[in-house]
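Chains as they are written, first to last, in my numbering: chain A, 127 to 324; chain B, 37 to 696.
Since the hints were made in silico from the structure, they are not lab data.
Note that the structure is predicted; figures quoted are calculated from it, not measured.
Ideal Cβ positions, reconstructed from N, Cα and C, are used throughout, including at glycine.
Keep in mind that a hint or two might mislead.
Unchecked claim - From the structure, some residues in chain A lie toward chain B, with a derived Cβ separation under 7 Å: (1) Q171; (2) V177; (3) K221; (4) L239; (5) R293.
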Amino acid sequence: MHKPDSKALKRRTGKLSRLAMACLGFMVSLLGPASGFGGEPPLTQYQVEAVFLFNFAKYVDWPPAAFTNATAPITIGVLGTDPFGDSLQHVAEGKTINGRPVTIRHLVSDSELGGCQILYISSSENFRVGQILGKAGALPILTVGESELFVANGGIINFVLKGGKVRLEINLAPAKKNGLDISSHLLAVADVVRGKSD
Amino acid sequence: MLSFICLAALAKADGTNQISQSAGDLENFTLEQLVNVQVTSVSKKETGLFTAPAAIYVITQEDIRRSGLTSIPELLRMVPGLDVARIDANHWAISARGFNNQYADKLLVLIDGRSVYTPVSAGVDWNVQDTPLEDIDRIEVIRGPGATLWGANAVNGVINIITKSAKDTQGGLVTVTYGTEDRPGTTVRYGGQLATNLFYRVYVKYFNREHFADAAGQAGADDWNAARGGFRLDWEPAAENNFTLQGDYYHSDAGETIDATSLTPPFVNRVNVVDHNQGGNVLGRWTHNFSDTSQLSLQAYYDHTEEGDAPSVIKDDTYDIDLQHRFALGTRQDIVWGAGYRYLMTAASPSFFVTLAPGSEDEQLFSTFVQDDITAVENRLHVIIGTKLEHNTDTGFEVEPSGRLAWTPTEKQTVWAAVSRAVRTPSDLEMDIRENRSAFQPASGPPVLASVFGNPDLQSEEVTAYELGYRIKPVERLSFDVTAFYNTYDRLITAVQGAPFFEAAPAPPHIVVPLTFQNSSSAATYGTEILGEWRVTDIWKLVASYALLQTRLNPEPVNNNDPQNQFQIHSYVNLPQHVELDAAVYYVDAINAQFGDGTLAIPAYVRVDLGVTWRPTRWLEIGVYGQNLTDDSHPEMTGVKTTAVTEVPRSVMGRVTWRF
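Assemble the whole structure, with the sequences as input and the hints as a guide.
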């Protein structure tokens, strides 16, 4: 939220009496965030999801075979129409996790999955999500998506929009199958965790 | 990236800088905090559309691909409130909010920032506006005046056809269509990378379209074939600079039937002609981002068109340069301003039917505009004011201001209102033409020739438009967009009959009944456009719209070219195995269209389209589409020059798209 520019305010109100200025100050404060008139601009779902994707890299451990070497980057692949704008770039660019730089790759085809540790499957691909998950499910990739059928098709983390909040649905079975270890901190904030008892 | 004077200029609703500030804080949130952040599910572009203080509709690439339609004018049918009426196989009349005819003159159309509105006849030659439909990113349609940003002739609407960056069209594409109309249609496009951040694409497109038939089943002369080719280069040497260079060349042979007038019997000869139209253009654009809140665009283009509109040939050469700068002033104002210059050369070959005096002329247009988007209450109330100031060779200075208000009481509702003024500048034909329209032999005396005369003293037509809009998302899967408008028009140009006079040449000597263009008419129109979108399930979407239009002209003409009611509903279903099943039903009211000196009653019609698209792999798409399936054929509109009305038939087409 922007604070009223006090200099500009003084210029504009220079000729007014102190009382008027006080009144004006009060009114401006009414229009401020506290009153709920303005408030923070609404965050989009995808800005929050971008931060989640980066966090997944922190809260998931991959088997060594998922990387070519000890300093190879953690690659986040975005398959299909990228909904993030520059927010994912903004969040992840130039960061390192456990000595591994984080990179982002845009994929157009499910034949390019190799080399990704996290695969975000855009909702533009919802109608072939089964086919994509079939391929990704054979690799040590953390698959992330947002569709009602995502988990049922063997996806690992599904974003669910509930009451204007981005909530998580986690499917442990395919993660375990490929040697991915999801931190209990992450499991703790998920609404639904499947395959926990295995 | 700012596409040149695009929707963004109207749809700007949230400050980019503010978003990133908040997003910056997000990174430090704990997981517990993240799952509790209140978010909006709409993307920024959707937010912009939802809160825009104008009647906007966007046709997406997805809509284009699934429609199975093969031309830009046909695609426009799906826009609520547009009247798309086909005259014959290769001519359309398209308008928004009234005044439709073959030379509908109140709708401005731009392709990648290049105006394709022809100032010679005032209007758009739809049968030469084309590009590979697969390379179109989106078509933005604004109903209502857009003159503050786009200038003269954006009276009742603006259509922006925006193609993809070469970066987004990498690889090969081959499309072949074949059916009852397309025999065949084909597009070949290839996109590649020349250097780091330098992308290109080249394309060729050819189609051969079948003629229609008239009401009696008689085959029309409206066969049509066209070939075109083009390229686009996009270079992004750094994040803050974008360069685009693009160009096209086309040749089209479009048949039609016209009435040729002569001073000797039989006076009217109905003849079939083929219009050899060709043209080309080259456009360059540089976009520079000084910062997140300051962007500059500089665009220049050259456009050549040759309307071999038999029996006359009209050549236009346009040179245009435009500058646009957008910046934030303080935290509450977003300013867009710009300046432009256009040089237009027109040459027309004379014939007995049409002469343009002088045969060639040069015109200049200077323009400048400024628009300020003021955030009165953050995220809640925007006030947008601006004006265009132009000077053109024909009518001098023109001022086109507008004021708009967007109130977003909640994230799920927008109320907007606008008042604007726009002008339609007289065409070269209206100022300088002599058209020998019809002749006959009275019982006694010399033959009589009805001729239309241009009037160099014409002023611009003007409109004052009042608009009101409301958008609501009552629940997540449902949205409505309602607009209402009241427009008053003044100084409308109509042909007024004058005193007959005698003319000796050309022989035989004859009496001329002159019809001279005058700013002699006025009008009021009002109406509403309602759009509803319902995502019934994750795989099924319904989109329905209704448009009502009432027109009152003074003096009242004998014809009424505009349907009073239009309704359409579209269903989109995504089935398993990558099969898409789509359907559309259109209803268009009856009209009493202008036809020669009289009118022709065109009944209401219902049109049903069905399509199936299957994508067995990422590389291959196969589709079968049927249009106007429930009807053998129906007429939609009469022509002004095109005198044979042929009917839109039932058609079926198959399409194979291969990407590599």
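Now for the hints, and whether the structure bears them out:
Checking Q171/A against chain B: minimum C-beta separation of about 5 Å stays under 7 Å; hint holds. For the restraint placing V177/A at the interface with chain B, the shortest Cβ-Cβ distance is roughly 5 Å, inside the 7 Å limit, so the hint holds. Taking 7 Å as the C-beta cut-off, the interface hint given for K221/A is violated, the closest approach to chain B being about 9 Å. For L239/A, the shortest C-beta to C-beta distance to chain B is roughly 13 Å, which exceeds 7 Å, and the interface hint is violated.
Nearest Cβ of chain B to the Cβ of R293/A: about 6 Å, under the 7 Å cut. The hint holds.
In terms of the numbered hints stated before, the structure departs from hints 3 and 4, listed from lowest to highest.
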